[in-house]
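Asks: So the chains spell out like this:
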Amino acid sequence: MVMVSPVRWFSRKPAPTPALQAAQPARFDPADFAPALRTRLLILQPTPFCNIDCDYCYLPQRDSTARMSLDTVRLAAERLRDDGLAGPELTVVWHAGEPLAMPIAFYDDAAAVLNEVLAPACVVTHSIQTNATLIDDRWCALFKRHNMRIGVSVDGPQALHDAHRHTRSGHGTHARVLRGIAALRAHRIPFHAIAVVTPATFAQADAFVDFFEAQGVSELGCNFDEAEGLHDRSSLTGHESAHAAFVERLLDRASAAGSSLRVRELALAAQLVARPLPQVRWRGHTTPDNAQTQPFALITLAHDGSFTTFSPELLGQPSTEFGDFVLGNVATGGFLESARSARFERLWAAVRRGTRECEDHCAHYAFCGGGAPANKLYENGDIASGETLYCRTMVKRPFDAMLARLERGRAAAHPQVATRGFADAS
Amino acid sequence: MGKGGKGNKSTGRKSIARWLLAGVGLASALGASAAAHAVTDATPRAALEARVMAVRAALQADAEDANPDARNAAPDTRVAQWLNWPNWNNWNNWPNWGNWGNWGNWFNR
Numbered sequence: 434m435v436m437v438s439p440v441r442w443f444s445r446k447p448a449p450t451p452a453l454q455a456a457q458p459a460r461f462d463p464a465d466f467a468p469a470l471r472t473r474l475l476i477l478q479p480t481p482f483c484n485i486d487c488d489y490c491y492l493p494q495r496d497s498t499a500r501m502s503l504d505t506v507r508l509a510a511e512r513l514r515d516d517g518l519a520g521p522e523l524t525v526v527w528h529a530g531e532p533l534a535m536p537i538a539f540y541d542d543a544a545a546v547l548n549e550v551l552a553p554a555c556v557v558t559h560s561i562q563t564n565a566t567l568i569d570d571r572w573c574a575l576f577k578r579h580n581m582r583i584g585v586s587v588d589g590p591q592a593l594h595d596a597h598r599h600t601r602s603g604h605g606t607h608a609r610v611l612r613g614i615a616a617l618r619a620h621r622i623p624f625h626a627i628a629v630v631t632p633a634t635f636a637q638a639d640a641f642v643d644f645f646e647a648q649g650v651s652e653l654g655c656n657f658d659e660a661e662g663l664h665d666r667s668s669l670t671g672h673e674s675a676h677a678a679f680v681e682r683l684l685d686r687a688s689a690a691g692s693s694l695r696v697r698e699l700a701l702a703a704q705l706v707a708r709p710l711p712q713v714r715w716r717g718h719t720t721p722d723n724a725q726t727q728p729f730a731l732i733t734l735a736h737d738g739s740f741t742t743f744s745p746e747l748l749g750q751p752s753t754e755f756g757d758f759v760l761g762n763v764a765t766g767g768f769l770e771s772a773r774s775a776r777f778e779r780l781w782a783a784v785r786r787g788t789r790e791c792e793d794h795c796a797h798y799a800f801c802g803g804g805a806p807a808n809k810l811y812e813n814g815d816i817a818s819g820e821t822l823y824c825r826t827m828v829k830r831p832f833d834a835m836l837a838r839l840e841r842g843r844a845a846a847h848p849q850v851a852t853r854g855f856a857d858a859s
Numbered sequence: 003m004g005k006g007g008k009g010n011k012s013t014g015r016k017s018i019a020r021w022l023l024a025g026v027g028l029a030s031a032l033g034a035s036a037a038a039h040a041v042t043d044a045t046p047r048a049a050l051e052a053r054v055m056a057v058r059a060a061l062q063a064d065a066e067d068a069n070p071d072a073r074n075a076a077p078d079t080r081v082a083q084w085l086n087w088p089n090w091n092n093w094n095n096w097p098n099w100g101n102w103g104n105w106g107n108w109f110n111r
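Chains as they are written, first to last, in my numbering: chain A, 434 to 859; chain B, 3 to 111.
Check each hint, because a few of them may be wrong.
As the list claims (entries may be wrong) - Distance windows between CB atoms, simulated: (1) B/A48 - A/A678: 22 to 32 Å; (2) A/A633 - B/T45: 29 to 39 Å; (3) B/D67 - A/P751: 54 to 64 Å; (4) A/P468 - B/T45: 28 to 38 Å; (5) B/A48 - A/G691: 32 to 42 Å; (6) A/A640 - B/A52: 31 to 41 Å; (7) A/P623 - B/A48: 35 to 45 Å; (8) B/T45 - A/T600: 46 to 56 Å; (9) A/T600 - B/A52: 45 to 55 Å; (10) B/A48 - A/R714: 19 to 29 Å; (11) A/T600 - B/A48: 45 to 55 Å; (12) B/T45 - A/R460: 30 to 40 Å; (13) A/S774 - B/D67: 49 to 59 Å; (14) B/A52 - A/E646: 29 to 39 Å.
As the list claims (entries may be wrong) - Stretches of chain A that chain B covers, calculated by requiring three or more beta carbons in the stretch to come under 8 Å of a beta carbon on chain B: (15) 788-802; (16) 835-842.
Said to hold, decoys possible - A short list of chain A residues far from chain B (calculated; beta carbon distances all over 10 Å): (17) A534; (18) A596; (19) G603; (20) A636; (21) T670; (22) D737; (23) G749.
Source of the hints: derived by calculation from the structure; they are not laboratory data.
Every value quoted in this text rests on a predicted model; they were computed, and no experiment measured them.
The beta-carbon is built from N, C-alpha and C at its ideal position, and this holds for glycine as well.
Please build the complete structure, drawing on both the sequences and the hints.
Replies: Okay, structure coming up:
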């Protein structure tokens with residue numbers, strides 16, 4: 434008898450599982466986590482101001498010229514240390530609005546403060562994501578002084594870039610970005626690029642890759658246009674076949690002999706095919722490691738000291754259920770203390786329910802660990818939900834493309850290799 | 003189903019019969035759905051994971067072909083280069099920049 438998969442007419446309540454139990458209301462206790470909770474990224478937003486005005490930006494208050502004080506930097510570091518969240522390594526990401534709108538001296542002083550509070554037990558690495566329009570020799574000297582990792586936001590050839598990344602007066606910024614990149618190259622400062630990819634990019638895949646190779650970019654991240662915050666609809670909606678073709682073309686180009694370009698999404702996919710994700714345990718329930726679903730693995734701090742955790746894009750965004758997602762302020766309390774608030778408990782419960790949704794229904798769960806809460810909120814209207822367009826564009830399709838490519842290549846050369854159960858080797 | 007109109011008795015009986023049949027079908031489908039719930043949900047995941055395991059095994063075999071001592075040693079460098087990547091969803095994967103190795107070797111050797 435042939436078993437035909439039936440249509441599931443109605444959603445049904447799943448049988449109780451450890452995952453389901455995990456989604457019940459529960460008091461937060463850092464002792465429930467194994468390995469111990471550690472903050473991996475401290476995302477500091479030194480100013481909400483941005484000197485340009487991209488049409489797909491999700492950030493509110495880009496006109497505000499408010500600035501983070503050194504006292505706030507110090508408090509953030511002290512709270513992290515005192516809460517036991519600082520491990521042996523910490524990446525500080527200076528991000529959102531435009532970090533280079535701050536004075537150069539601020540970063541010298543901030544690096545000194547962070548080092549003073551956290552070293553030597555914790556080694557701090559600094560990263561900056563910038564639109565590059567303000568980079569000059571003085572900024573390059575700062576990057577070198579602190580060995581900062583630089584990410585440049587650039588969308589590819591001029592027409593693609595200038596279609597969305599404008600000055601406040603509406604002019605394209607591509608030429609200014611290239612001047613910034615030229616300064617980085619002149620100073621031999623390594624940098625990566627992050628490009629927002631839209632359907633227009635799909636139609637110019639080769640020109641897109643050619644541009645980054647010509648600019649000496651060896652590592653490229655593709656942020657496939659996401660619906661987030663003020664940018665409430667992805668331009669990729671309805672263009673998923675073109676996305677699949679684009680991913681295949683990227684894979685062709687990046688895996689071609691002689692290519693020096695490594696694409697983040699494909700490199701991550703390769704890693705996930707090659708190695709299982711680490712597992713994390715919470716109250717006996719094991720999940721694949723996903724920093725966006727673990728409390729305080731990522732902490733995002735606004736210029737005024739207010740902070741949130743889980744997806745960084747959530748901070749300051751309006752929500753009927755979670756307010757502005759602010760869980761506390763380093764001026765008045767620590768990170769772990771904020772976990773006793775009703776808002777944290779609601780948010781964390783929603784994140785756990787969303788992870789459970791992925792665990793129950795997504796074939797890629799073992800390679801992801803539960804998706805991105807911010808994308809679930811903005812695409813599905815509910816953090817406690819499952820698959821998103823973001824999942825498909827950033828995770829699933831690159832993973833599937835890489836897996837298929839490896840199957841056609843390496844696996845085909847070893848037909849004698851048995852296919853064991855997945856759990857046997859992970 | 004036809005559009006609008008009140009219809010006559012004959013078409014009314016046919017409609018009732020259709021609805022009854024549809025009801026039986028629906029009940030059957032619901033029963034089958036309950037029984038096959040695990041199958042419909044687990045099959046794509048199991049299939050995907052089996053494919054991944056096959057590729058991992060092939061990569062390992064490839065490494066052992068290149069280095070017979072690799073069987074009991076650490077994975078070869080083409081795999082080991084990924085080991086210090088802590089996370090897929092580490093938000094733009096900041097700690098990993100500059101540390102991506104060259105997976106293109108897997109295709110080009």
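Asks: Going through the numbered hints above, which ones does this structure break? Give me the numbers in ascending order.
Replies: Structure breaks no hint.
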